[in-house]
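Since the structure of chain A is already known, use the hints to place chains B, C, D, E and F on it.
First to last, the sequence lines map onto chains A, B, C, D, E and F. Those letters in the first sequence? Residues 0 to 339, per numbering that gives the first Met the number 0, in order. Those letters in the second sequence? Residues 0 to 339, per numbering that gives the first Met the number 0, in order. Those letters in the third sequence? Residues 0 to 339, per numbering that gives the first Met the number 0, in order. Those letters in the fourth sequence? Residues 0 to 339, per numbering that gives the first Met the number 0, in order. Those letters in the fifth sequence? Residues 0 to 339, per numbering that gives the first Met the number 0, in order. Those letters in the sixth sequence? Residues 0 to 339, per numbering that gives the first Met the number 0, in order.
There could be a bad hint or two in this list.
For identical chains, the list gives no copy identity; a pair is met inside one copy or between any two copies.
Said to hold, decoys possible - The list that follows gives simulated cross-link-like pairs (lysine-lysine, BS3-like), each with its CA atoms no further than 27 Å apart:
no., residue 1, residue 2
1, 122, 83
2, 231, 176
3, 226, 260
4, 260, 174
5, 155, 25
No lab work stands behind these hints: they were computed from the structure.
There are 6 protein chains.
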Amino acid sequence: MKRVVCFGEIMMRLNPKGYLRFVQAKEFEATFSGGEANVAVALSNYGLNSAYVTKVPAHEIGQCAVNELRRFGVDVSGIVRGGKRLGTYYVEKGASQRASKVIYDRADSAIALVEPGEFDWEKLLAGADWFHTTGITPALGDQATKATLDAVKTAKKLGVTVSCDLNYRKNLWSKEKAKEVMTEVIEYVDVVIANEEDAYDVFGIKAEGSDVTKGEISHEGYISVAKTLVEKYNLQKAAITLRTSLSASDNLWSAMLYDGKEAYFAPEYKVHIVDRVGGGDSFGSGLIYSLLSGYNNQKALNFAVAASCLKHSIEHDFNLMSVAEVEALAGGDASGRVQR
Amino acid sequence: MKRVVCFGEIMMRLNPKGYLRFVQAKEFEATFSGGEANVAVALSNYGLNSAYVTKVPAHEIGQCAVNELRRFGVDVSGIVRGGKRLGTYYVEKGASQRASKVIYDRADSAIALVEPGEFDWEKLLAGADWFHTTGITPALGDQATKATLDAVKTAKKLGVTVSCDLNYRKNLWSKEKAKEVMTEVIEYVDVVIANEEDAYDVFGIKAEGSDVTKGEISHEGYISVAKTLVEKYNLQKAAITLRTSLSASDNLWSAMLYDGKEAYFAPEYKVHIVDRVGGGDSFGSGLIYSLLSGYNNQKALNFAVAASCLKHSIEHDFNLMSVAEVEALAGGDASGRVQR
Amino acid sequence: MKRVVCFGEIMMRLNPKGYLRFVQAKEFEATFSGGEANVAVALSNYGLNSAYVTKVPAHEIGQCAVNELRRFGVDVSGIVRGGKRLGTYYVEKGASQRASKVIYDRADSAIALVEPGEFDWEKLLAGADWFHTTGITPALGDQATKATLDAVKTAKKLGVTVSCDLNYRKNLWSKEKAKEVMTEVIEYVDVVIANEEDAYDVFGIKAEGSDVTKGEISHEGYISVAKTLVEKYNLQKAAITLRTSLSASDNLWSAMLYDGKEAYFAPEYKVHIVDRVGGGDSFGSGLIYSLLSGYNNQKALNFAVAASCLKHSIEHDFNLMSVAEVEALAGGDASGRVQR
Amino acid sequence: MKRVVCFGEIMMRLNPKGYLRFVQAKEFEATFSGGEANVAVALSNYGLNSAYVTKVPAHEIGQCAVNELRRFGVDVSGIVRGGKRLGTYYVEKGASQRASKVIYDRADSAIALVEPGEFDWEKLLAGADWFHTTGITPALGDQATKATLDAVKTAKKLGVTVSCDLNYRKNLWSKEKAKEVMTEVIEYVDVVIANEEDAYDVFGIKAEGSDVTKGEISHEGYISVAKTLVEKYNLQKAAITLRTSLSASDNLWSAMLYDGKEAYFAPEYKVHIVDRVGGGDSFGSGLIYSLLSGYNNQKALNFAVAASCLKHSIEHDFNLMSVAEVEALAGGDASGRVQR
Amino acid sequence: MKRVVCFGEIMMRLNPKGYLRFVQAKEFEATFSGGEANVAVALSNYGLNSAYVTKVPAHEIGQCAVNELRRFGVDVSGIVRGGKRLGTYYVEKGASQRASKVIYDRADSAIALVEPGEFDWEKLLAGADWFHTTGITPALGDQATKATLDAVKTAKKLGVTVSCDLNYRKNLWSKEKAKEVMTEVIEYVDVVIANEEDAYDVFGIKAEGSDVTKGEISHEGYISVAKTLVEKYNLQKAAITLRTSLSASDNLWSAMLYDGKEAYFAPEYKVHIVDRVGGGDSFGSGLIYSLLSGYNNQKALNFAVAASCLKHSIEHDFNLMSVAEVEALAGGDASGRVQR
Amino acid sequence: MKRVVCFGEIMMRLNPKGYLRFVQAKEFEATFSGGEANVAVALSNYGLNSAYVTKVPAHEIGQCAVNELRRFGVDVSGIVRGGKRLGTYYVEKGASQRASKVIYDRADSAIALVEPGEFDWEKLLAGADWFHTTGITPALGDQATKATLDAVKTAKKLGVTVSCDLNYRKNLWSKEKAKEVMTEVIEYVDVVIANEEDAYDVFGIKAEGSDVTKGEISHEGYISVAKTLVEKYNLQKAAITLRTSLSASDNLWSAMLYDGKEAYFAPEYKVHIVDRVGGGDSFGSGLIYSLLSGYNNQKALNFAVAASCLKHSIEHDFNLMSVAEVEALAGGDASGRVQR
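With the rest of the complex left out, here is chain A (with noise of 0.2 Å):
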């Protein structure tokens, strides 16, 4: 069975009740989620080995959030415990054409504030094959860089093949910083995930002919982008999902994957929206099951893409679609019919 290592941070998110608003709310559903954890489980939930690594408090609620991934199978045992305090968010669902919203509450979380010496990566790497990770876990914070840091090169040295999604998010860091961070961390990647906006605010790298807000996708403007990338930054691969957003209700999901010498295409979905959080990690969850599986790269991406599409069809972050109902879509039925 082969091993793959996420590292990044665990939050409690906590969303109102169905379609309710922030100010409506008088309770929240609590779950547990984070880019990298949302990898995590669902690699496990495809039968991987998966492992997650991160820091959280000693508290019940950080116990919650270690619970929750042994839940879904997840070995949490290179999990630190320590710290003040989990990160948190809030998400409201939108609909039709009122958007979700996000509200983190994230700074001096246990993860952020990690000490050096705190994850002994040799170690936590032996025997994996794959180490995953994003580009929001360095905007956490000079220390979580660092472990960021430790972390690719130590995965680098053991022949560990690297993925990161860019996630580049405005809130955490500049796009100066992010660009000075992510062009060190890049160096140790193989695989990158990104969507157009990501590598754009990035590393700067536009698409011609593109305006994501109207809709506007050309796939020649996508093929340029992963070029670029896989070139400026001497990547096996690079994958960047295509979203366009009729509403918050509709969307159309689809990706492409360039290897260096081909662009490859999915086909494109249309969604009717349960929980759009979590979309993306699912996307990249997909890609590194159906890799790692030696699927060639045109299956390889449709089974991404398949999976994220399903995912928007589960409520909260995580993906807990099996590989036979994603087999089931990438292979042409996407009727729903009953199972029985």
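Frame of chain A, contents of chains B, C, D, E and F only:
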């Protein structure tokens, strides 16, 4: 007031709230239903004298099932108490490309293990105008098959119109067994209800040129299926429901009716789905009601399709629309404007 | 900060959760609303000094209504306490072809039986820039009619702009009675808000060539209705909302405004509905806000339509969108992309 | 099977969840009850042929009330449909020193405004063994008083045993009016149920040496009250419930019965309260059941007190204990050990 | 109407439903509270003109806190908007021998990082009769300490009575730091509220012969503590709450008051606990209300103890009892009988 | 870290919310438990290396059970997947004099029909320090008996300490059958846990002078039962739990331990019950933990009783107290004071 007697199982249905997957559920909504029970409730709701015959355990969970039928006005005096368990099934609601899932836990239910002589059909069917059952009931096992045959034979003898929804369930029996048993049952049936797959699965009757998963529906194909059913089994009428599953969230829905001479097709509705389970049963009850009310074939079919179209907008299995509400849609008002 | 005084009823709204029908409900969500109260809350939410005038019982359920207004910042100092009951209404949310239903239980509410002299309008309207009421309030009975007339007369005398949403309610009074009373009320009104049916039901004014249930809307017809209203009743402005009900789940929504010289039409939105009740009121509050803010007619209308478009995505009656959120949609971003 | 007919109102009961105060509630649990309806449900639950006579509106909320009675097996064929509203009341559950609160909103309910001739008592009471009503029903107004008198007179004529729970409600009528009406009603009553306050409030009969709010209860005082009732009004039996309210969470509970010759006292239970509303009604239904079942006076009283003791542990108004469960407690097992 | 200004933090309180432990929770009830906010709400509820001064973030979660205060009638015009986060705390309700748990996540909240000059105390306290804060606010950090000192000094200057609940929080500061800061704060205080532990933890004042964990309480000990406080810090009054924790479900509760001359003791209540958090604050608000209302010392103390006794029966932190309800208990009716 | 392997069933537990009776439930809380699973979870929670061995269906409901064990850190690698159904049971929580009820629906569960060779006990028990099972497992049927005997024999062979909770279930087998099977099982057992009824029901051993339903407990009687067990079956230790059921809401709880030489009695606690199910199992896990931790007999017993006392305050079957929390109570602090 016309009296209809329905016979079959009543199960506990457990479903997670909203769109949660099974593995996310911490609580289940509990309702009670079954293919024939759904018909009995709808008919009571339409104002008919509707009775349900089944067997449930003497304990409180069995009582809950009885109570739910009573709540909607069904005559439960013919329900036998005993046996060890109530059949149970779990429903996970799908959305967009994610299909709904049903897990059955119904083996050895009270009705499946009903013993000879527990139902006094002469008495139960006295004064009845119509008797309804489905292909699910004999599929529960030899004892239930025996009871079903006793019922339809007695109904025939007493001149009660008999309808049967083929409802093939692959988890309950093989196609071979189904064909063997249903060939005997159908001898006593006047009106058959089916979808295209049922006719094929049970009797090997297949329409040419249709591929359900591809949403290709040919009117001629359906006519040929219905005609074959009516002629081969000497029926008064055969009705076939026509579903095109665009996704788990949106379906096209219609039906056709063949009376041995002519074929009738209802208008097709695009339904935005709240709960799809029980959709077929709501067609059956709509048809029984409208035929018993003396509607002509086209009007009867239109009523049944409008009724089942509306069922898709209702949570859980029972169709709780009134005659007036169904008539309004059948009459052409699909605008869904607020009724004050 | 501009001050707006709204006058009318506030009721308890009870609705089953999600899409449950009344007969399936074991609990009701309890919120508080009313045509004019919905306007008062939205205006407070937009940042205006918004006051509500009504009468509610002195018991705790009456207090709940007051508390809900306070919660959203409405000035409740003009609310009189007394009377025996709070009006109540029940809402069942429709979906697809199934229409929403509203059952009223509002007779003999505190405000319907308000006694002469209970409201000191000179004091209540001192310093106000705008006064708003609807055709529902005088429909509550003779005592409420008297209070409404006192209010609009005083407003006129004090130079306060007066708006009235016609809002014909067939359960409260006949068309004849409505015409008689509203003909007196409109004498003191500056801005009228209506839908096409209201103008016909109350004043017998009908657009040529329109059939609302068929979704046929003619721009010329609306202009003629608005023009007739403005000219016949000497108004400053008449606004008419334009709804095409595709189903209970999807509507088209727009509006037009006529200022005595020119007619303005807003863009039309396709809304996927979360809760349709309060949609008209949210147009009214959007219009009052934008006119009070000095927007030109086209921009004011566009703001009001965008505001009410967004209301359809919010649970319960109050429109809880901020000015910035409405402006974003009015400015053209209907993509519903996640706001982080 | 003995047949009992109960007559009175059925209301919607709305209560916040758990121990929330009214002003904290965002949703209400909705059940249906009423002093006599509670008796009808308990008797059906005990296995008797129990019918309820009332009037409810034709709309869906009225239907909910009918459905709730049907759910528990009550014969609802005598319920008249019509009128404008269903009476409603709000319950806030107290705890410790904080008292429970009830707010009534029941004026002008369908049953309060019942019109002459709407109930055909000869038919409704045909075949009945017992008729039960309470002092609440005539208190609803002159029309309800008329119907009550019609009912008890017909019952008397037909030889049906008549019971009446005095149940004085100060919000519905004055003591003077109550005395006037109830003096006429009691002429036709065989068995009276009361608490000490009722006898005083309605008929001015007061026990010496008791102060209910101080929890001082004298056996002799109760005997004198019961004796006065029986002798003055020529009754077969008078039963008085004895409650000592230690707090809203804990009560002492017992009762006495006088049959014109001897006084019987039941054991006293200390009850830890789940829901106290309906406690008195559960005594009444226990007494009717046990007397109809031919128990001797002491055993009948003990059954009634055990039944109502157990009611205090059940949410909402209906007493849903089985005969076997009540017998177990009456037989001395108060240990509450798990029944597997 | 007397005006009271309270100053401190307002936090989001998150608690699992019922008696679930943190690690069992899938959702949290969200309310808003804080030691001084609880006092402000209770005083508004008692009918006083109550204002709250604090700082909350400009985002929607901050708005929720403001809305909750407005809902209960608190004047929020003195609340500053800004800063990055709202303090949060988690409450797990105990039962029987299992203690309740509180986890704080309040560092770096908006109010803790308030900047000099953000509060204009001269304006905020204009027209005030009373100012209330607690030892929690200065414990939030140097900036909050500075603001607290500014407030109490201005209050003193303007002749506003100042009360302070010592409320020592060991997670926020050391005893040494507390003593240093509170020694400066108390210089401006007129009325101190404390429990025995507070006086010892903050000022090193300990009663002889008491052991709180053993439930041994000596009246003389409390008098000596109160006397020491009043004399040493030149106070008008010192009040000490007396809690005996029999278990997490049952407590004994009382208090004493010393006015420099005489010591008063209130009756002791045995409380069956619904929610214990906010118990101390409800004593403070009761005392402020009764003293401002001119009650004599004994009556004021009795009111405060009755008020806080009742708080223990209410969910969440706010004491939502009316003056009449508190007076009823203080007047001796602890029977908890249903109020209809 | 000590390793404990537990073997038995894991079922889905369905219970109505709060104190609702089964017939009132519209939804059920769904948790997963079983006598031995409860022990495995508690031991994992105490920090031991705890593994669970069972068989569950391969479908999602089976996965939910596995997930719940993983969530609390239990090693699930020894769980076999297959079979047709997961055992289910329903719990109705009692209160005051109303007893809790349990309805089992566990026949033909995956573990009951486990086939020979499905468990490789040599491998499963390698490295284990302790093996625990109960009398429920062999009661599931001959196949489960066979697996149980295989397990205890292998444990004995490998020198693993074996404990068994007698746990007689009258619904599963007769006393005769129980005696026959358990007499074989106990041959391999080192530590027996029981309540007085179990010893009598399974082995016919009865204490003189005790009547459990009357709450009469004689220390000498328990010593004689324990002594008989130890001597007759050559045990190391026998522990007996002592419950006095005052009501469904309040119990007295203690236990005794006999080690072949001396008898130890723990302090008795009065527990106010939140959820009584799983109380016995929590004693077992407390005892295993404390004995494995090298506590002396008295201290071990005290720990076990304190642990199970606290379990009664926790919802559902699992005991989720930490070692520190148990130690605090065992150390004498039963005050339940808030832990901040």
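Worksheet item: Tell me, which hint numbers fail for this structure?
Response: Hint check: 4, 5 fail, others pass.
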